[in-house]
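A.B. asks: Here are the chains, one letter per residue:
Number of protein chains: 2
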Amino acid sequence: MDEFALIRALAAKLPPPGEDVMVPIGDDCAVVEGKGRMAITTDAVVEGVHFRRDTLSPPQIGYRAVAAAVSDIAAMGGHPAWITIALAVPGAWPLEDVVALYDGVSEAASSLGASVVGGDVVSTEGPLWMSITAVGKVDRPVTRAGARPGDVLFVTGSLGGSAAGLDILLGRRAGSPVAQAALIARHRRPTPRIAFGREAARLGATALDDISDGLASELNEIAEASGVRLIVEADRIPVQPEVTEYARALGADPLAYALYGGEDYELVGTAPRDVFARLLAVAPIVGTPVAAIGRVEEGDGVVMRRAGRLEVVARKGYNHFER
Amino acid sequence: MDEFALIRALAAKLPPPGEDVMVPIGDDCAVVEGKGRMAITTDAVVEGVHFRRDTLSPPQIGYRAVAAAVSDIAAMGGHPAWITIALAVPGAWPLEDVVALYDGVSEAASSLGASVVGGDVVSTEGPLWMSITAVGKVDRPVTRAGARPGDVLFVTGSLGGSAAGLDILLGRRAGSPVAQAALIARHRRPTPRIAFGREAARLGATALDDISDGLASELNEIAEASGVRLIVEADRIPVQPEVTEYARALGADPLAYALYGGEDYELVGTAPRDVFARLLAVAPIVGTPVAAIGRVEEGDGVVMRRAGRLEVVARKGYNHFER
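Protein sequence lines correspond, in order, to chains A and B. Following the UniProt record's numbering, the numbering of the first sequence begins with 1 at its first residue and continues without gaps. Following the UniProt record's numbering, the numbering of the second sequence begins with 1 at its first residue and continues without gaps.
It is possible that some hints are incorrect.
The list treats identical chains as interchangeable, and a pair is accepted whether it falls inside one copy or across any two copies.
Stated by the list, open to error - In the DMTMM-like style, the derived pairs of lysine to aspartate or glutamate whose C-alpha atoms are separated by at most 25 Å in a straight line are:
no.	residue 1	residue 2
1	Lys137	Glu33
2	Lys316	Glu125
3	Lys13	Glu224
4	Lys316	Asp2
5	Lys35	Asp274
6	Lys316	Glu3
7	Lys137	Asp300
8	Lys137	Glu298
The hints are simulated quantities; they were obtained by calculation from the structure and are not laboratory data.
Next comes chain A alone, as it looks inside the complex (with noise of 0.2 Å):
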C-alpha cells in the first residue's frame, strides 16, 4: 500500500460530508460555507504520551482523539462542523491498524456532527500520532474569564471515571468487575457536551471549560482567567460512582480522581443564579446532568472546603514539559 493508497482507505472510512462542504477530502484544501463566528480549536495525541496500543484498540484511540478536540468546541458554547486530521504513521504500525483508526474517527464525526473534510498522512520514525483540528460554530463564545462574584460553579456528568479505567488498564486492579468495565468503558469512550455547552451559551453561562486536565486544574484557569476566587464544597463534586467503589478497594482518596484525573471532558462553569435556574430546568432536556459545586467570590485562587475545613486546591494534573 503506498501513500495515495492509503488515504483513499482512510477516506473510504468516512461518512458523506455534510451538505456545508463544498469541496471535500482530496484536493489541496476542503471549502466549506462559513456562517458567522467560528471556533476552531487543535488539540494532538502521542502514542506512549497520551494512549497505549494496550490501553486502546486503533478505533478507540480515533475516537477519543476526535472527541477530544470536539470538546472544546462545546467548553466555548459552539457545536462542531469540520475536521481535519494530521497522521504520522510508524513503520512498525500495520497499515490494517492504521485503516482501523479511522472507524472511530468515522463514529465520532458522525456521532458528533462534524464532516471530516481533509487532512494530511506522513511516515515517522518515532511513535504513531494523531493531530486534530475542530472548527465550529458558535453564536455567543463562553470563555473562562467571565465569572463574576456571586455566580453559581458548576459542573457536568460525573468525574473521575477515565482517570480510573485508565489506571485499571494499566494493571492495578480492584472493586468489583462490574465496576472495573463501566471505569473502562468511561475511559475509552468520553462523550463532549455539546448540546449541553449550546444551552449554557444561549441562556447566559458567563465561563465554561471542559475537563482535560482534571477539575482542579480547569478550575484554576478560570479563577486566573476570571479575576475570581473559586469556592468549591468537596461533598457536591460528583465523583462517579464507580470511582468511590474502585478507589476505597485501593484505600486512595475518590475525590482525588476527580479532582487530578483528567480527561473526563465534562464540562465545569459559572452562572448567575438565574441562569443557572434555568440551566437546571434545561439539562434533562438535553440528556446531561448538572450539579452546583460552590460559588465564585472576589479574590484569587480555588479553595475547596471538605469536612469543614478549608484548603487551597492546586492546579495539578499532567503536564508536559516538567524539566
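Once you've looked at the hints, dock chain B against the given chain A.
C.D. replies: Just chain B now, kept in the frame of chain A:
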C-alpha cells in the same frame, strides 16, 4: 520551564492577532468572525522525514511549515486568515530552540497575512513534529478538477531550486558558491503565491495546484482529477537558472529537479486562452512570473515533448508509505 511557561513563551513570539479574531490563544478555542466560503487545510512536518536539524535552523523549520500549509490555501485561490499549530517536542530539543521555531512561525504568519490563533503543545519520545492547520477565505475555489481540452497549462516562478538546495545541504556540492547559496536560500524560504492564486481564481483559471511533491506529481493530479491529458513542452518548463548550473556541474539532468524535486511551492494550473492572456498581464502587478508550458487535450495522463520525442511523465516524488 513547564508546559504553561513554554506556551506563554511561544505565544509571546507571535504578532498581535487580526481584528477578525474575537478570542485569541489562551482559551479552549479561538473564536473568529467567519466570512462566507472558507478553505481549510492541514499539513504536517516531521524531523528526519521533512527536515533535519543540520539542513534548517529552528526559525527556518517554523517558517517553512507555515508556508507549506498556506501554499495549499493559495492553490485553492484563497488567502489565509487563521492558523493553528500542534507541536510535539522531544526531550532532546533545548527549549530555547523550541521557542525559536516560533520566530519563523511568526515571520511567516505576518508576511502571509494570517493570525496564529491556537494550537497544542505536547511531549513526545520520538522526533519533533509540527502540524499546521490554515483556514482561509476563498470566493471562487479553484480545484484540480476543472481543466478542459483547449486550456493553456501554466506554471509560476521557476522550479527545481528547493530540491537542489536540499541536495547541497546534504553534502552534494557542485557549481559556483553563488549558485549554491541561491539554491540553499530557495530551499529554506519558499514563498506561497497567494496574490497570484487569488488573481487566477478571480480571472477564471480552471484548475490550480501548488507544487509540493514535484511538477510531475501535480500534473498527474490535475490530469486525473479533471479527466484530461496534459501535454507539456519540456523546453518551456522554467527551471531555475542556478539549478541548470548546479545539475550540469554534477552531470545530472536539470529538468529532473523541476519534475521530481518538489517543495518549490509554485502554482501550476490551467486556464482558457483568454483568461491566460489576462493572467500574463496581471503577473507583473502581483510580482509573480508565469509561463505557459503546454496545453490540455482530451485523453488521460501526462505527456512531455522533449527534443522532438514524446514521453509519458509518471507520477513520481516522495511517497511516505512504499512498504
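A.B. asks: Hint by hint, note whether the structure agrees.
C.D. replies: Comparing the hints with the structure gives:
When the C-alpha separation of Lys137 and Glu33 is checked against a cutoff of 25 Å, the pair qualifies both within a copy, at 11 Å, and between copies, at 10 Å. In this assembly of identical chains, the alpha carbons of Lys316 and Glu125 lie at most 25 Å apart only when taken from different copies (22 Å versus 32 Å within one copy). Within a single copy, Lys13 and Glu224 get their C-alpha atoms only as close as 42 Å, which misses the 25 Å cut-off; across copies the closest is 22 Å, which meets it. In this assembly of identical chains, the alpha carbons of Lys316 and Asp2 lie at most 25 Å apart only when taken from different copies (12 Å versus 44 Å within one copy).
Taking CA atoms no more than 25 Å apart as the test, Lys35 paired with Asp274 passes in neither setting, with 30 Å inside one copy and 35 Å between copies. Proximity of Lys316 and Glu3 under a CA criterion of 25 Å is satisfied inter-copy only: 12 Å between copies versus 41 Å inside one chain copy. In the homo-oligomer, the alpha carbons of Lys137 and Asp300 never lie at most 25 Å apart, since the shortest distance is 32 Å inside one protomer and 41 Å across protomers. For the identical chains of this complex, Lys137 and Glu298 are neighbours neither inside a copy (33 Å) nor across copies (43 Å), given an alpha-carbon limit of 25 Å.
Consistency note: the structure conflicts with the earlier hints numbered 5, 7 and 8.
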